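These protein sequences, in sequence, are chains A and B.
Using this note's numbering, the first residue of the first sequence is number 44, and each one after it goes up by one.
Using this note's numbering, the first residue of the second sequence is number 235, and each one after it goes up by one.
Think of the hints as simulated: they come from the structure by calculation, not from any bench.
Computed from a prediction, not measured in an experiment: that's the story for all the values here.
Ideal Cβ placement from N, Cα and C applies to all residues, glycine included.
A few of these clues could be false.
The calculated label-pair distances, taken between Cβ atoms and stated as ranges, are [to be verified]: (1) 300/B to 339/A: 36 to 44 Å; (2) 398/A to 256/B: 24 to 32 Å; (3) 288/B to 274/A: 50 to 58 Å; (4) 301/B to 489/A: 24 to 32 Å; (5) 258/B to 520/A: 54 to 62 Å; (6) 274/B to 476/A: 19 to 27 Å; (7) 239/A to 293/B: 47 to 55 Å; (8) 256/B to 489/A: 19 to 27 Å; (9) 198/A to 256/B: 41 to 49 Å; (10) 427/A to 288/B: 43 to 51 Å; (11) 305/B to 425/A: 26 to 34 Å; (12) 415/A to 248/B: 18 to 26 Å; (13) 261/B to 390/A: 19 to 27 Å.
Coverage of chain A stretches by chain B, computed from C-beta distances (three or more under 8 Å per stretch; other residues unrestricted) [stated by the list, open to error]: (14) 125-134; (15) 189-202; (16) 255-264; (17) 438-451.
Here are the computed lysine to any residue pairs in the SDA-like style, where the Cα-Cα straight-line distance is at most 25 Å [stated by the list, open to error]: (18) 302/A to 258/B; (19) 456/A to 293/B; (20) 456/A to 249/B; (21) 456/A to 290/B; (22) 302/A to 261/B; (23) 247/A to 305/B; (24) 302/A to 255/B; (25) 403/A to 422/A; (26) 276/A to 300/B; (27) 276/A to 235/B; (28) 276/A to 298/B; (29) 456/A to 298/B; (30) 247/A to 239/B; (31) 302/A to 305/B; (32) 403/A to 67/A; (33) 302/A to 262/B; (34) 276/A to 293/B; (35) 302/A to 263/B; (36) 276/A to 289/B; (37) 302/A to 519/A; (38) 456/A to 519/A; (39) 456/A to 252/B; (40) 247/A to 243/B.
Each chain, letter by letter, is given below.
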Amino acid sequence: MIIAIISIYMLSVLAVGTLSHRLFRGTGEDYFVATRTIGPFVLLMSLFGTHMTSFTLLGASAQAYTVGVGVFGLLASSSALVVPVIFFFVGTRIWALGKRHGYLTPVQFFRDRWDSSGLGLALFVVLVGFVIPYLLIGVMGGGIAINQISQGAVPEWIGALVICLVVMTYVVYGGMRGTAWVNTFQTLVFMSLAALAFVWIAYKLGGVTEGIQRVAEARPDLLVREGHVPPLKMLSYVLIPVSAGMFPHLFIHWLTARKAETFRTSVIGYPLCVGVVWICSVLIGLYGAADFPGLQGPEANSILVRMIRLHSPELLAGLLAAGVVAAIMSSLDSQVLCLSTMFTQDIVRHYALGDQMSEKRQIFLARVFVAAILGLTFVIFLVSNRSIFNLGIWCFTGFASLFPIVLAALFWKRSTRSGVLASVAVTVLLWSYFFLQGWRDPSYTVADSGLMPVTVVFAASCLALWLVSLATRPPREEVLQRFF
Amino acid sequence: MRRGLYLLLPLLYLLHNDFWWWNDSFLFLGLPIGLSYHLLFCLAVSVVMWLMVRHAWPHDLQEDAMRAAAREPGRAHDEEPS
């Protein structure tokens, strides 16, 4: 039953991707940014679906099971606050500059803004370096989730392979429009299935409050933050969702909007979408503390699956599997398309072929890169250790610490290429240091204070950008005139 | 109006850190307060963002971008039709 439902879901995804191809105009701009024609609802769904990963369903419930109610404030409502503000102040401005100058990637924008090919290359390396582990986590999460939900009937590698093949098919075929359409479909699927799973389980437990009463008897500590979330962690964690401002895959989605006003629905709707999806996942995880006490480490990650199996018919378990796959693929497709766009535009076109590269050739090359990136990710998945999951939070830390660069690009005329390079260098150095600390101890915070390392790296990145910019020659007026 | 709305954003950040209920678990709207508060917080953010969209929207961005794009037919990264 579960395998049948997943198969039907995959076919539906392919059908949506194929349908979008009917509108394909055959140009590079259409393949990479859907000719900047995406409307308000599809933009909201594709931004939300791209930002939310399998963690939203599986990780959130596991964290609620372990840490309690505090996880919602820590991870969900902080994103609900920060991300729409970024869309409002940063996304709209990036869209306008993209429309004005025809940008297709973040590197093109940063390279032009500071008139430096070397800076573009440095940012390319760092951005790609942070996206690849994120990509790998998606493929790995997909394989593991399908394996768990099917109770071992589908081996991890087959689940991961099917996900890679389906994503490859519709991204290669449909480009950005296919990705945005499929993202919309997948986001609607995982939002409704999260709600359905929650309503069903709450109904079986006798109601929402009755479920909470059971948790209060079994694990009262999970209903408060004390002892689980240090206050300093709460204060500093809000910097983690700042990473959304520097995600290259979200950046490229911003460029697809039809007009600046298209962002309005995303700005207003994003916090509501976060609230709806996360409250379902967090409550299921909490209820699980009463039904399955004592799960440790990776076992806790399966709490959502265990709860579905305990309280729901097999049909719902199959639908949940489809929901998890939807959440994974809706991020994976945008990341892969983004990387292939960056390789095509920022490396091959910028350094090798230039304007001699026809649009057909660009599209062909991008498609080859999509297949190559997914193939390589799958191979790394086969040989890598599962502990790579811990990389997730570190990718966010890296992107968040680079956020001052996009702020300076948009709002600070006096910022210079040397300042930006210093900011990138400081970020990479400090990130590496804290990463090594965190790898040894996953619960690591700065000096055991609860302060997230992102706070230190972000502050140092800002400081380096500011000091070095002021100490170096201001940018040329003709460059500034293109942006301000 | 615009500046007033901008000031709501740091206020929202302060309200996000609800340390005053850090160790309370009483139920509000059927959920522990640490959860229902943050769910309502998401709603409050949406309302503030709606106000910003309505009263502080950067209308000039759209017009400037369209005008500039029209002035630059050979945009830096656009390609000739194949």
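Do the hints match the structure? See the list:
The given range of 36 to 44 Å is broken by residue 300/B and residue 339/A, whose C-beta atoms sit roughly 57 Å from each other. Taken as a hint, the range 24 to 32 Å is violated for the pair residue 398/A and residue 256/B, whose Cβ atoms sit roughly 60 Å apart. Distance hint for residue 288/B and residue 274/A: a CB-CB separation of about 35 Å, inconsistent with the stated range 50 to 58 Å. Between residue 301/B and residue 489/A the Cβ separation comes to about 48 Å, which falls outside the hinted range of 24 to 32 Å.
Evaluation of the 54 to 62 Å hint for residue 258/B and residue 520/A yields a pass: the beta carbon distance comes to about 57 Å. For residue 274/B and residue 476/A, the Cβ-Cβ distance of about 39 Å falls outside the hinted range of 19 to 27 Å, so the restraint is violated. Between residue 239/A and residue 293/B the beta carbons are some 40 Å apart, a value that contradicts the proposed interval 47 to 55 Å. One distance hint, 19 to 27 Å for the beta-carbon pair residue 256/B and residue 489/A, holds here, with the actual separation near 21 Å.
Distance hint for residue 198/A and residue 256/B: a CB-CB separation of about 44 Å, consistent with the stated range 41 to 49 Å. For the hinted restraint 43 to 51 Å between residue 427/A and residue 288/B, the CB-CB distance of approximately 48 Å keeps it satisfied. The hint said 26 to 34 Å for the Cβ distance between residue 305/B and residue 425/A, and at roughly 52 Å that hint is violated. Taken as a hint, the range 18 to 26 Å is violated for the pair residue 415/A and residue 248/B, whose Cβ atoms sit roughly 47 Å apart.
A hinted range of 19 to 27 Å is violated for the C-beta pair residue 261/B and residue 390/A, which are about 56 Å apart. Three residues within the 8 Å Cβ limit are the bar, and the segment 125-134 of chain A against chain B gives 3, so the coverage statement holds. For a cut-off of 8 Å, the count of residues in the segment 189-202 of chain A with a CB near a CB of chain B stands at 0, and the three-residue condition is violated. Only residues whose beta carbon comes within less than 8 Å of a beta carbon in chain B count, and the segment 255-264 of chain A has 3; three or more means the coverage holds.
Residues of the segment 438-451 of chain A with a Cβ under 8 Å from some Cβ of chain B number 0, which does not satisfy the need for three, so the listed coverage is violated. As the CA atoms of residue 302/A and residue 258/B are separated by approximately 46 Å, the hinted pair breaks the 25 Å bound. Distance hint between residue 456/A and residue 293/B is fulfilled; the C-alpha atoms sit about 21 Å from each other, no more than 25 Å. Between residue 456/A and residue 249/B the CA atoms are separated by roughly 33 Å; this puts the pair beyond 25 Å, and the hint is violated.
The hinted pair formed by residue 456/A and residue 290/B meets the criterion: a straight-line CA distance of about 23 Å does not exceed 25 Å. Note on residue 302/A and residue 261/B: the hinted pairing is violated, with a Cα-Cα distance of about 44 Å set against a maximum of 25 Å. Taking the CA atoms of residue 247/A and residue 305/B, the gap is near 63 Å; set against the 25 Å cutoff, the hint is violated. The hinted pair formed by residue 302/A and residue 255/B fails the criterion: a straight-line CA distance of about 42 Å is larger than 25 Å.
Taking the CA atoms of residue 403/A and residue 422/A, the gap is about 29 Å. The hint is violated against a cut of 25 Å. With a CA separation close to 43 Å, the supplied pair residue 276/A and residue 300/B exceeds the 25 Å bound. Only pairs whose Cα atoms come within 25 Å are accepted, and residue 276/A paired with residue 235/B is rejected, the gap being roughly 33 Å. Between the alpha carbons of residue 276/A and residue 298/B the distance comes to roughly 41 Å, so the proposed pair goes past 25 Å and is violated.
Taken as a hint, the residue 456/A and residue 298/B pair is honoured in the structure, with Cα atoms around 18 Å apart against an allowance of 25 Å. Note on residue 247/A and residue 239/B: the hinted pairing is violated, with a Cα-Cα distance of about 44 Å set against a maximum of 25 Å. Between residue 302/A and residue 305/B the CA atoms are separated by roughly 17 Å; this keeps the pair inside 25 Å, and the hint holds. In summary, the hint linking residue 403/A to residue 67/A is supported, as the alpha carbons are separated by about 13 Å, within the 25 Å threshold.
Restraint check: the Cα-Cα separation between residue 302/A and residue 262/B comes to about 41 Å, which exceeds 25 Å; the hinted pair is violated. Annotation: proposed proximity of residue 276/A to residue 293/B is violated, straight-line Cα distance about 37 Å (limit 25 Å). For the hint pairing residue 302/A with residue 263/B, the CA-to-CA distance comes to about 39 Å; that exceeds 25 Å, so the pair is violated. Between residue 276/A and residue 289/B, the direct Cα distance comes to roughly 34 Å. Violation of the 25 Å bound is thereby established for this hinted pair.
Simply put, residue 302/A and residue 519/A have alpha-carbon atoms about 30 Å apart, too far for the 25 Å limit, and the pair is violated. For a cut-off of 25 Å, the pair hint linking residue 456/A to residue 519/A stands: about 10 Å separates their Cα positions. For the given pair, residue 456/A sits about 37 Å from residue 252/B by alpha-carbon distance, which is inconsistent with the 25 Å threshold. Of the supplied pair hints, the one linking residue 247/A and residue 243/B is violated, its CA atoms being roughly 40 Å apart against a limit of 25 Å.
Going through the hint list in order, the structure does not satisfy hints 1, 2, 3, 4, 6, 7, 11, 12, 13, 15, 17, 18, 20, 22, 23, 24, 25, 26, 27, 28, 30, 33, 34, 35, 36, 37, 39, 40.
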